[in-house]
Amino acid sequence: MARRTQEQAQATRQRILESAAQLFAERGWAHSAMQEVAHRAGVTRGAVYWHFRDQSDLLEALLDETQLPWQVVRPLPSAVQAGSPLALRQALVRLGTAPLAWLEASVPAQRLLCILGPWSVGQGHQRLVEVQQAHRQAGLLCFQNALAQAAAQGALRPGIEPAVAALGVFALVEGLMQQWLRQPGAFGLATVGASALQTHLAGVFVG
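In terms of this note's numbering, the sequence shown opens at residue 1 and continues consecutively.
It is worth saying that the hints were derived from the structure and are not from the lab. These figures come from a predicted structure and were not determined experimentally. Incorrect hints may appear among the rest.
[Unchecked claim] Cβ pair distances, simulated, as ranges:
| id | residue 1 | residue 2 | range |
| --- | --- | --- | --- |
| 1 | 152 | 195 | 22 to 30 angstroms |
| 2 | 6 | 207 | 56 to 64 angstroms |
| 3 | 186 | 159 | 32 to 40 angstroms |
| 4 | 136 | 18 | 32 to 40 angstroms |
| 5 | 77 | 159 | 23 to 31 angstroms |
C-beta: ideal position from N, C-alpha, C; glycine also.
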């Protein structure tokens with residue numbers, strides 16, 4: 001009996017989180033109310049407050065339980081970094097495509113990025129800014145390290161600065177994500193992203 005009660009409580013909590021994510025993405029965190037979350041989830045306001053202290057607590061839970069696109073980006077393995085210019089370039093294409101594919105497939109990530117996005121009215125919450133910056137910086141760092149290694153091996157075209165090239169790759173990926181979120185389904189995010197990265201990096205790498 002106790003186990004069933006725990007399962008029901010967990011199911012209610014997840015329903016509340018799902019409803020909050022939908023509402024925050026549509027209206028922005030600052031323009032939503034706990035009563036509206038309760039109504040959308042089909043529970044009482046008391047049930048919402050049983051699981052979450054306030055809207056900030058709800059947002060914290062969403063941030064903790066949703067994996068964002070830049071979180072799936074990982075540094076290139078040493079063996080790949082020591083490879084040929086072509087192998088490095090292809091690895092960077094995969095590196096840049098990974099967050100695009102994740103966003104395209106993950107509805108929770110799409111909703112959370114709408115909350116985090118520059119057009120969201122909820123952007124004033126400090127936690128939003130901190131999370132956004134931390135994940136973006138981690139993604140940019142992966143590109144910087146990979147391109148610095150490529151430069152050390154002579155794999156970049158003359159005059160190409162690794163830091164500038166990394167910023168260009170990052171901006172391309174970030175821009176595609178933001179454009180796709182404004183028009184979901186207008187184009188294949190991962191497919192278009194891979195093609196755009198191939199084109200961009202062809203002008204960065206030798207060969």
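Hints the structure fails to honour: Those not satisfied come down to hint 4.
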